[in-house]
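Note that the protein sequences, when read in sequence, are chains E and R. Heads up: the first sequence at position 167 corresponds to 242 in the working numbering, and the numbers run straight through without jumps. Heads up: the second sequence at position 73 corresponds to 1403 in the working numbering, and the numbers run straight through without jumps.
Errors might be hidden in some of the hints.
What follows is a list of derived Cβ distance ranges for each label pair [stated by the list, open to error]:
hint	chain 1	residue 1	chain 2	residue 2	range
1	E	259	R	1474	22 to 28 Å
2	E	408	R	1420	47 to 53 Å
3	R	1477	E	193	50 to 56 Å
4	R	1477	E	92	30 to 36 Å
5	R	1456	E	423	36 to 42 Å
Simulated from the structure, these hints should not be mistaken for laboratory data. This one's a predicted model, so the numbers in the text were calculated from it and none came from an experiment. Ideal Cβ positions, reconstructed from N, Cα and C, are used throughout, including at glycine.
For reference, the chains in residue letters:
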Amino acid sequence: MADLRSFLSDLDRIERPDLWPEVERRAAADPITTIRGTTRWAPTSAQPSRRTAAMLSAPRILAVTAAAALTTGLLAVTLQTASPDLASVPASGSAAPGSPAPGAAIVWDSGSVRLEANALEIKAGDKVFSGQAPYAVHSDPGDPTYRTLEVEWVEDGLEQRLYLYFGADELDWWITEVRTRDGYPDADWITYDVDLLAATPRGETYEGDIHLVGGDGRVPGELTIRGARLTAFAPGSGPGALSDCERVRASVRVGAESPLDEGQPLAGSGIEEMSPQAAEALLREAGLCFTFRYQYPTSEDRSEGYSERWCTAPPGGTIRDEGLAYLDDGEVVVFVSDDRVMPVREQPPEGWDCPAG
Amino acid sequence: MQIPLELPADLARIDLVYREHSHRLFRSLLAYTGDRVIAEDAMAEAFAQALRRGPALRQPERWVWRAAFRIAAGWLKDRERYTVSGVEPSYELDEVSPVLREALATLPVGQRAAVILHYYADLSTSDVAAVLGSTGPAVRVALMRARRRLRTLLETPDG
């Protein structure tokens, strides 16, 4: 085969258009740049981040899936419980600690997520909401890689909600999804297509304006938050706060079911053809959080079997075809089958070779 | 007398990155996406966001590469999402030889990105991983698979 570098040098024939005028135009434009119908975001007062948006976004983490999956369930709960709370909480009367900045018109604090802002405006078709009304606020506290902020209120007799979904990895947090209501009496969602909105180092507060346009509902929506100060993963949730499993989870692409899938850490590694011991060595080298399931028949006709949990490679067997999977928390599970018939034996509480507790 | 054009420091810094990297970046993006509109949009947006971020970027050249590929990847994902099921997304790269175009079009987008960034843009596998939001081992595997796939294609008698 021809040397790949020289083979690819043919790309040098491609002429690069002069895009600098367009770069300057976009840089000088409104913080929101709408490109071919999709809303792109840029902060007006961007904070330095140890990890860029580009690095953050490629692994669209499981939290996004979790957020979407949870939304339906959470809705059912909040619709039933929001109304009694609405009258009891003043518009900017957060019950949670923390002094609002001077001029804050909005202070919504669920205890795990806090949003202050100088002004908020939600346009849903021809209706405008300001958030200046009694409200209910709560969060799905999630885990170190996922949480939400869910605010609900009634304004001019119409229900409005602002739902923010957050994702995070060991370095940064960001908004994965934004939703508001469309202002109809039978209110439905307006979803804003965001990607890495407000990406901010863990433990730090995002400060800036947020302006989003959404258009997938019955009416177009527009969300503007002026002078937002948003803290989703407070100090103490900084680097090192993630377990190995959570770190894996934070890097798992949406929809990935197996670490062997393309783009996943073990894609093409050949681990499914290795001995369990070699697989363990590879898993450790890759820094993955893993356990084995050691499966064997317990009856001569092999109609019954048993599965043991091992934290090291089990003593025999082979890795089954398609024998790896992710658990929800990012743990990689390796399934090992042994053809030998063995009796069921008593298991250590956490499994074989596993640390206690 | 020649009067030097004085640019604000941040603007000058990004302008320098543009002059030094934009040719190779654009070619890489076009080879990656096979879509001139996406390549232009991704590059313009990446540099625009770099300008907005100003001094927050410690290594603007690395940031721009990452951002541009990230934006392009998002567009490819969107395009895939809205493409009729069963219809192969187009891959257009008229400027290069048909063999190269076919070879790149043959690769899955992840492998294509890894090949372009490593073998054309001369990024190390760890830098490729940073650009793609992947891991070093995953990139090395992608490169191995891509080489295997390209070998089949390029070692034909006429290849």
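Do the beta carbons of residue 259(E) and residue 1474(R) sit within 22 to 28 Å of each other?
-> The hinted range 22 to 28 Å is violated for residue 259(E) and residue 1474(R), with Cβ atoms some 54 Å apart.
Between residue 1477(R) and residue 193(E), does the C-beta distance stay in 50 to 56 Å?
-> For residue 1477(R) and residue 193(E) the Cβ distance comes to about 55 Å; the hint holds.
Using the Cβ atoms, figure out if residue 1477(R) sits within 30 to 36 Å of residue 92(E).
-> Since the Cβ atoms of residue 1477(R) and residue 92(E) sit about 31 Å apart, the hinted range of 30 to 36 Å holds.
Using the Cβ atoms, figure out if residue 408(E) sits within 47 to 53 Å of residue 1420(R).
-> Given about 39 Å between the Cβ atoms, the range is violated.
Determine whether the Cβ-Cβ distance between residue 1456(R) and residue 423(E) falls within the hinted range of 36 to 42 Å.
-> holds (39 Å)
In summary, the structure is inconsistent with hints 1 and 2 from the numbered list given earlier, while agreeing with the others.
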